[in-house]
Amino acid sequence: VRRRAVVPSLHRKYLSTIVDQVFCKCAERLVDKLKSEASIGSAVNMEQKFSQLTLDVIGLSLFNYNFDSLTSDSPVINAVYTALKEAESRSTDILPYWK
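Start counting the sequence shown at 2; every next residue gets the next number (the working numbering).
Hints were generated in silico from the structure; no laboratory data involved.
Hints are not guaranteed to be accurate.
Unchecked claim - Computed Cβ-Cβ distance ranges for the label pairs, DEER-style:
1. Val20 to Leu96: 37 to 43 Å
2. Thr93 to Cys25: 30 to 36 Å
3. Glu29 to Tyr66: 16 to 22 Å
4. Ser17 to Thr93: 34 to 40 Å
5. Gly42 to Leu16: 34 to 40 Å
6. Leu31 to Thr83: 19 to 25 Å
7. Ile95 to Glu38: 22 to 28 Å
8. Ser40 to Leu16: 31 to 37 Å
9. Ala28 to Thr93: 27 to 33 Å
10. Leu16 to Pro97: 25 to 31 Å
Unchecked claim - Quick list of in silico lysine-lysine cross-link-like pairs, PhoX-like style, CA-CA up to 20 Å:
11. Lys50 to Lys86
12. Lys50 to Lys34
13. Lys14 to Lys26
We put the CB at the ideal spot given by N, CA and C, even for glycine.
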């Protein structure tokens, strides 16, 4: 049953569409953003930009939701980053952490 649910999403035609419609467009928005920041000579936090790109791609390809994190800040984006950082921290700590 799971296989029948997952296999269509791995079909070549679907993946090609996702690459064209999601990955390429998000990458183009990142390039445009980097060009605009480079034109004024400002420093760019590339880790942050690639995290924003990843969030946009995941949002559009899996949930059909545009976070638009490359061009705008929102409480949703900040909450996602906080949750991801906490999950990473808890998964790599030797001793369990409780608050």
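A range of 22 to 28 Å was offered for this pair. Does it hold for the Cβ distance of isoleucine 95 and glutamate 38? violated, 39 Å
Holds or violated: lysine 14 with lysine 26, Cα cutoff 20 Å? holds, 18 Å
Status of the given 27 to 33 Å range, CB of threonine 93 versus CB of alanine 28: holds, 29 Å
Against the range 16 to 22 Å, how does the distance between the Cβ atoms of glutamate 29 and tyrosine 66 compare: consistent or not? For tyrosine 66 against glutamate 29, whose Cβ atoms are near 19 Å apart, the range 16 to 22 Å holds.
Taking 34 to 40 Å as the hint, is the beta-carbon distance of glycine 42 and leucine 16 inside that range? holds, 39 Å
Pair hint lysine 50 and lysine 86, alpha-carbon separation not exceeding 20 Å: Holds. Lysine 50 to lysine 86 sits at ~16 Å (cutoff 20 Å).
Cβ-Cβ distance between leucine 31 and threonine 83: within 19 to 25 Å? Given range 19 to 25 Å: holds, Cβ gap about 22 Å.
Could one say that the CB atoms of valine 20 and leucine 96 fall in the range 37 to 43 Å? 42 Å Cβ-Cβ, so the 37 to 43 Å window holds.
Range first: 30 to 36 Å. Now tell me if the beta carbons of threonine 93 and cysteine 25 are that far apart. holds, 33 Å
Outcome for the supplied range 25 to 31 Å, where the beta carbon pair is leucine 16 and proline 97: violated, 39 Å
Go ahead and decide if the range 34 to 40 Å is satisfied by the Cβ distance of serine 17 to threonine 93. Because 36 Å falls inside the window, the suggested range holds.
Indicate whether the distance between the beta carbons of serine 40 and leucine 16 respects the range 31 to 37 Å. For leucine 16 against serine 40, whose Cβ atoms are near 34 Å apart, the range 31 to 37 Å holds.
Figure legend: structure checked against the earlier numbered hints; hints not met, in rising order: 7, 10.
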